[in-house]
Structures are given as structure tokens and as C-alpha cells.
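As they're listed, the protein sequences go chains A and B. Our numbering puts the first sequence at residues 1 to 244. Our numbering puts the second sequence at residues 1001 to 1423.
Keep in mind the hints are simulated off the structure, nothing from the lab. Treat each hint with caution, since some may be false.
Under the rule of at most 20 angstroms between Cα atoms (straight-line distance), these lysine to aspartate or glutamate pairs were calculated in the EDC-like manner [as the list claims (entries may be wrong)]: (1) B:K1178 <-> A:E3; (2) A:K78 <-> B:E1416; (3) B:K1175 <-> A:D23; (4) A:K74 <-> B:D1246; (5) B:K1420 <-> A:D100; (6) A:K158 <-> B:D1322; (7) A:K74 <-> B:E1416; (8) B:K1345 <-> A:D100; (9) A:K136 <-> B:E1416.
As a plain string of letters, each chain reads:
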Amino acid sequence: MSEKIIEMQNVNKWFDDFHVLKDINLDVKLKQKIVVCGPSGSGKSTLIRCINRLEEHQKGNIIVDGVELSENTKNIEKIRAEVGMVFQQFNLFPHLSILDNCTLAPIWVKKMGKKDAEDLAMKQLEQVQIGDQSQKFPGQLSGGQQQRCAIARALCMKPKIMLFDEPTSALDPEMIKEVLDAMVNLAKGGMTMIVVTHEMGFAKEVADEVIFMDEGLIVEKQPTKDFFANPKNDRTKLFLSQIL
Amino acid sequence: MTKINFLKPNNKNLNLFLGLGSLFFILSIVDFSLNNFLGKNITFFLPRYINFFSPLIFGIIGLHFIRIEFSGIKKLDILNKNINTSNLNATLSLFIIFLLIFCIPPLLNWFIFDANISGNTKEACTGSGACWVYIKVWFNRFMYGMYPNTEQWRVNLSFAIVLAFAGAGFFMPSKYRKYLTLYYTIFLPIISFFLIYYLISGGSFGLVWVETGAWGGLSLTFIVSFFCLIFCFPIGMMLALGRRSDLPTIKYSSLGFIEFWRGVPLITVLFMSAVMFPMFLPDGVYMDKLIRVIIAITLFEAAYVAEVIRGGLQALPRGQYDAAKSLGMGYWKLHLLVILPQALKLVIPGIANTFLALVKDTPLIFVVGLLELTGMLGLAKTNPEWLGFSMEGYVFAAIIFWIICYSMSRYSQNLELKYKTDR
């Protein structure tokens, strides 16, 4: 539990004039689970999108698994293949069946054989309990099923790190649980996870550390128990009082 | 017995209303037909203004009586629901019925009943209708242009071979199905090119050489359309991607290319290809005018295709790009595996539109002296022996073009259904 897999040092990002991330310092160790919370517009999503460089940072260093993120495209593609991501809007590929969604990247990016990729995909789909849906298309599935498929799709790349960008925010309350269950299972399996979410129950159950962000700053960073038991910052207290 | 409300027909007095309605409706049709074809007016006793509109008035009254809700007669309900929901709807329906009565008989007369088809000379055309003899006599020219009669089997054979190869794609074993796109976009054009070069053009293997100036008619329409369609699509796709590129050189050269070709009329492009282009070629290098024309039309249409495809690219949500990137796909994998399959599916109607326009633009190649179907018509109508039959010729060409375009349109609709996987 000591090897650092993500290091962020003085990371700054601007959208034109708007300063989204302000001097972010964050270390994530292997197998650590971190939950990021905070009000909307606080830069949570931007933070985790910087980790696989869906957004570029303008200042500071981000080192993922020993590779520094820079303009070098080859580096980025290598990092992205090792960092899985799950989005708020699922972002499944609607023109491909559930199975093909899961096998596309392993076959074309990792050059896996078709048979192996399909076996792996079926295994992952079984894991999130939608193995029986593999021949359907994303449009025929419920939101919860789609999001679980998105998780399976990311896992098929055998990532070292999983990023979750508000994975349950676009779901009906009934479906949130099935997605969270899949994520809890994943966490118990020892995956390194960074989760942006408002599901505090999930944070309490799984997270090692909770980060509270506001206006582009990491306002508070504490081990889970301390974070909920005695938050130090007033802003955090206010947020927690509203959300719990 | 209760009083019958004639303003509100209902199904209690079904037969009465039906009878009255049908009577008025038939009266209306008969009145209109008699006026129209025999010049007889059965309502002459009415004042002039009412008299003129009498078919319409009878029709509206008739349809009003027929408009019975829940009549219990299925066919009547369907009729009411489709053409007779309100007085306005009934009026519009009547106008359409009158228009059909007005137009169809004369058209039928011209096309069939008064037309002549037997015989081989102009004198055989005695009727007042169309002179299909003209089409019959010139049919060969309309199909093959000035291509020598004895050599026309070469054109037929080439088309048959290309069709056979194209059709073979449908029976490809599923094992090779993934190469189908390559087969159609690379293999088929190459085959067609060799067929055209060796078989239609000739000059080797003991075949007489036929210069492209002699090619013409519908077969030339097909040749030009076929190559332009096949080439303009990939070029357009590259341009669309180029225009959205992050690299300024690629972006602005694509943009410039698209805006240039979209900004000039096709006819000037063709002129330039015929007159100006050879000046830029080094001495001794000669490019056939058919090739020049095909290149010109291809580039012209590629610019349109590019913009249509760009529309599809822009319609895709950013999340698709994010998802593909987060799985480690680079630019080409992202576009070929995720973005283009979806974008192209979205723009099938637009692409079909452009392709139809392309086929109908081919007659413009007359400016460089190539005479495809309509060009041959123009030539035929100036023949002193056959003056005055341009109407038949253009109607014939219209029908041929309509058949081609309608088949393409149907095909594109099939494609849309075939690739409809979501939503």
C-alpha cells in the first residue's frame, strides 16, 4: 500500500480565463480508493479528466504509473489504455452490441485475439450481471444496465486505475444501487479507484480517503472516518450538512 | 320517430346518410367529368356563379353526409379518417380528385391511346399522341452514343461483369464479410477501370480502339456516375475529417478546397477541365477528356459530400470521443471504429441526396463534347429527318433518370433501416 501510482504536483488548469484547477497536489497509492465530492462547478470532473488527459493541464506535473503526461501522443495512448473511465452519460457505442462494445478496444488497441477478447468480455459482463444481455444493443438496455456495461467495457482493458465521473448521477434511484454494488465489488477486488460522486453511503463503505473540492481547490482531504466525523473546514461542514 | 339532424350525420340513420352522401358525391364527379370532357353542363339552370362551383358544392355536401363517426363500416371509417376529417379536408380531397380527373385521361391519351409505336419512319406517327417510333429508332444511340454498332457487345459485357462482381458481394461467405468494404471501394473500381480501359476503350487484344468522344448515351451516364460516386465518397470523408483536424495546415487546406469547389458552378469546372487543364500539363502528356471530366465532377461532389459528413460528425455527442479516447484509441482507430460508423449512418439521407444530384449533374458534360443520354437527345432532336420530337425524347430521359434515382433512393432507405440499431 505504498507505491504511488498517480502523482499530481501543483496542477493548474484554465478554461480560457476561468481558473478551474488551482495548485492541485494529490498522490494516489496503488489499491487506494478515493472519493471526490463537492458542489457542481468545483472542478471535480476536470480533475479526474486530467488524469487520463481528456483535459490538458497547463501548469504542473501529472505522473501516472511512472509516465509523465505531456504532449507526446504515444504516452497518452499508453496511459489511457491503463486507466479505465466510466462516465456520467455511460457513453456506450450505440452502433455496437454490448459484447462488441466490450471487445472493441481489447481487439484493436491491445491486439487481443477475437476469441480471447470475447471470453474476457463475457467474464466481465457476468461479473456485473448482464451476461445475458450481451447480444443486445445499448439502446435496448436500462440506464443501470448500460452503466454496468460501461464498467465492464473499461475493465476489459485490464486497467490499473479506474476513474468514475459521477457514475450514478444520470440514473433512476432504483438503478443506482445495482451500479454501486458493481463498484463495491470492484473495490473489494483491490482496484485503484478515484470516484467523483455524491453517494456518501458509498464513500463511507469503500473509500480510504475523501477529498472535498470547492472552486478549483482541494479544501479538505482526510481519511474517510475523520472526514465524516470531524470535518475541519467550514465549507465542508456546510456541504455535508446539506447532503447527509 | 325523432327528427333527423342533417347537420350532424350519425349512425342511427346510416343508410339514409350513406345514400344521400353517395348520391351527391357521384353527382359531383359526374358533373365535373361532363363539364370537363363533353362540355355539357347539367346544372345550367342554376345561377352562373353557383353553376361554376356546383361540382365542388355537391362534393362537399356528399362528403359531409358520409362523415359519420363510428359508422361500424371499416372501410368507410378508414376513408373518413384519411380524406374526410373536416370540411376543409374534404374540400382539399375534392380538389385532388378533380385534378386527377382533369389530368390523367389526357396523359393516358398522349402516352398510350393516341401514341404510335409501330413502323420505322417519321411518317408512321399519325396519331395526336406521343411518337414512340422516334425513341425506338434512336434507342441504340440513346444507349450507346456514337459507339459503333458492331462493338456494342463490349459495353454490354463490361456492364454485365461489373454487375456480376457487385452482386457477388451479397453472396460473400460471412468469413470474408469484413473485407466487403475494401472489396467495394478498392477491388471493384480497379476491375471496372480495367474493363473500361481494355474492353470498352479497346486498342489491344485485337479489339478496335473506340475513342471516348464516341462513347455516349445512357452507358456513358452510368460510367461517369459510377466512378464519380465511388471516388467522391472517400475523398469527401477525408476532407470532412481534415476540416475538423487540430493541425492548421490540414484544417485550412481542407477548408480552402471545400470552399473553392463549393463556390464555383459545375459547368465552369467542366469548362476549365477541358480548356485550361491541358495547358498545365507538360508537353506530350495527354489526359483523356473523359478522365478529366470524371476528376472534375469527383472533386466537385467531394466538397459537398465532405460538408454532409461533417454535419454527421458534429451531431455526435462529445462523450463518444471521450469514451473512445479513454479506451486508448488513437485518432484513426477512434474515427474508423467509433465516430465514422455512427456519423455515416446519420448522414445516409444527405449522402443519398448528394449522389442523386451527382447523377443528375452528369448531363452537363456536354460542354466538353461528351454526349450522355440527354446530350444524345439534344443531338437527335436536331436531326432534320426527326425534327419536332424533343418532347418524347425528354419524357423518355425523365423516365430513365427517375428510375435510376428512385432505385438509389430506395436503396438508401434500405440502408437506413439496415443500420438502425439504436433508439
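So, going through the hints one by one against the coordinates:
{"no.": "1", "hint": "B:K1178 <-> A:E3", "in the structure": "44 angstroms, violated"}
{"no.": "2", "hint": "A:K78 <-> B:E1416", "in the structure": "36 angstroms, violated"}
{"no.": "3", "hint": "B:K1175 <-> A:D23", "in the structure": "55 angstroms, violated"}
{"no.": "4", "hint": "A:K74 <-> B:D1246", "in the structure": "17 angstroms, holds"}
{"no.": "5", "hint": "B:K1420 <-> A:D100", "in the structure": "16 angstroms, holds"}
{"no.": "6", "hint": "A:K158 <-> B:D1322", "in the structure": "18 angstroms, holds"}
{"no.": "7", "hint": "A:K74 <-> B:E1416", "in the structure": "37 angstroms, violated"}
{"no.": "8", "hint": "B:K1345 <-> A:D100", "in the structure": "18 angstroms, holds"}
{"no.": "9", "hint": "A:K136 <-> B:E1416", "in the structure": "19 angstroms, holds"}
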